[in-house]
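Enquirer: Protein chains in written order, with the numbering used here: chain A, 6 to 304; chain B, 229 to 587.
No lab work stands behind these hints: they were computed from the structure.
It is possible that part of the hints are untrue.
Covered by chain B, per the in silico footprint, the following chain A stretches (three or more residues, Cβ under 8 Å) [to be verified]:
1) 146-152
2) 254-260
3) 273-287
Between beta-carbon pairs, the in silico distance windows are [unchecked claim]:
4) B:Val393 - A:Ala38: 13 to 21 Å
5) B:Thr270 - A:Ala38: 46 to 54 Å
6) A:Gln265 - B:Leu494: 52 to 60 Å
Don't be surprised by glycine CBs; every beta carbon is placed ideally from N, CA and C.
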Amino acid sequence: MTTLAQAAPAAPPRFQALRRFARAYIRTPSAMAGLAILVAVTLLALTAPLFIHASDLSVVGATGQSLAPPSARFPLGTDQAGRSVLTLLIWGTRPSLAIGVIATLLTMVVGAAIGLLAGHFDGVVSRVLMAVTDWFIALPSLPLAIALAAVLGQGDTSITIAIAVTSWPGTARLIRAQTLAVEARPFIERAQALGAGHTQIMTRQVLPNVAPLILVSSTLTVAGAILSETTLTFLGLGNPTDVSWGSMLNQAFGQGAVTQGAWWYVIPPGIAILVVVLGFTLVGRAVENILNPRMARKS
Amino acid sequence: MAQPAALTELELSGSASLGRGADTGRGDSAPRDFLSYLARKTGAAVVSFVMLMVVGFVIFALMPSDPVATLTRGRITSAKQKAFLIHQLGLNQPVWERFVHFVLNTFQGKLGYSWQFQQPVSTLVAQRLWPTMLLMGTSTILSIVLGMWLGIHSGWRPGSLLDRVSTGTSLTLWSVPTFWLGLILLVLFSVGFGPIPPLFPAGGMSTPGSPGGLSPAHFLDVLRHLVLPCLTLVLVIFAQYVTIMRSSIIDELGSPYLLTARAKGLRDAEVRRRHAVPNAMLPSVTVIFLQLGTLISGAITVETVYSWPGLGYLTFQALQIPDLPLLEGTFVIFGASVIVFNLFADLLYRHLDPRVRRQ
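Work the whole structure out from these sequences, hints included.
Expert: And the structure:
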């Protein structure tokens, strides 16, 4: 944010700032740990179809016993249908990450657009946009998401939409505040004096300066979106035919694995969620701290 | 700007700009000022409520493409029956008329008729309200006490062992889905695991067939059922309070009035308790109140896991059908509770911070 704009004029300023940022990032252990988690999980999600076949996930073709504890053949035991929990766990990475990332993209596009518009224009436009944002912030997010997903029907699309609808207002508010701060700087006035229009100021002057904040906010939003995705899927709103961490926990709860004390079916999905969410949170916080050192003391 | 705007701005900047100096003197505010403030805030709350109704109406009345098809799913229906249903649901009326009906009915407490329970939604909500209040009240109070204490002590010495442990724990607990924590506690303490015997009941609010009423036995029974859901919620909620309180305390650390207090010769604990904490409380208390509303909806998953017969479990039961009138009812109730708590937060803040009063 500020570091980018205030970089020394020698050398192309933005790249220099970027290099300085990368150096600071590498020096932060928690940031590197978060990045390592994310890289590993993403690789696992992308390569999963290479070593997991549809038959491994099929309820009918399962070879193991029902709810067998961990063994050499099934390192994390089996589920009710006799499928390997480890296989399900790896496969579950895919929908969780996909929904988290797509919902975040939607959130960012809507939130950033509304935030930029509300910050750039003043008067009626800004007031109306912020009033709508505030009304949405005041709505309880989980009941709103549940209501939306229930009406739209089970499935990934409705969950994604429900998450995006409930998480854009926070982003919009954040981006608006930053837009206001950027627009108060002299170089915006200079651009205006040179005859730049609204669109040019918003996209060429303000957006590059707000972009780092959008990045930080999106890593934290992915973390929240994955948690929401698992919660909604656990409540039974997910795609009933797909395997995800939320649906695993839904089945563990609904089909009696919990009451039979099948801990190997309950613990792994939660740990997986914890690790991925922690990964995104660590990266987001580290970037935030580097860009805004005043926060470093607090968090 | 609408009322929640002021609040969120306050939430964002609250810890930084407000609650600085040690000024706790009561300003001379005329009661008329307070009345106009109250009227303004109440007006804003009413606007929020109307907005909630609009959103609820759009989701439940406009978005389902064919409510009659949803209602009659899996049943053979004649065209005449369908026409009757359309008339009964008011689907042949203009949209604005349906909206006015919806708002008027809600204000009269008519929230529709549950498809699943074959009872008015308002009756169901009334039955389930108290268990939710009991669960949320107990866990909120426990979390506030625990979270505040930890936040104050870790913020006072940032970087200390206590600080690192409590910040790490908060971050981890924040990354865990609430319902999963509930499932784990359920396996550990209710089913029993390894050397741990089944200590607490797995679900419900009392043992089936227990006498009920106000007898001490019933009280203990409910208490035993309350332990696990309450513990789950506390573990998730207290982390947020630690974070809020910690950052408010850190904001106070460099303030000159603390130096003055130390220069007077007060001991460290006294400086913290009598000077730093009261000032740090201002932003924290407001944020806590703001979050109360959202916490109520956080109970949805925990109540589901422990089949606690509250509003959250009712929402889950409604989802299984899906029973849209019931979902609509719980949505309105959850939304309304957030609005009410936001209003409380506004009034409380004015009471606590004299500078807001003078504006």
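Enquirer: For every hint, state whether the structure bears it out.
Expert: Tested hints:
no.	hint	verdict
1	146-152	holds (count 6)
2	254-260	holds (count 3)
3	273-287	holds (count 7)
4	B:Val393 - A:Ala38: 13 to 21 Å	holds, 18 Å
5	B:Thr270 - A:Ala38: 46 to 54 Å	holds, 49 Å
6	A:Gln265 - B:Leu494: 52 to 60 Å	holds, 58 Å
Violation of the numbered hints given earlier is absent; every hint is satisfied by the structure.
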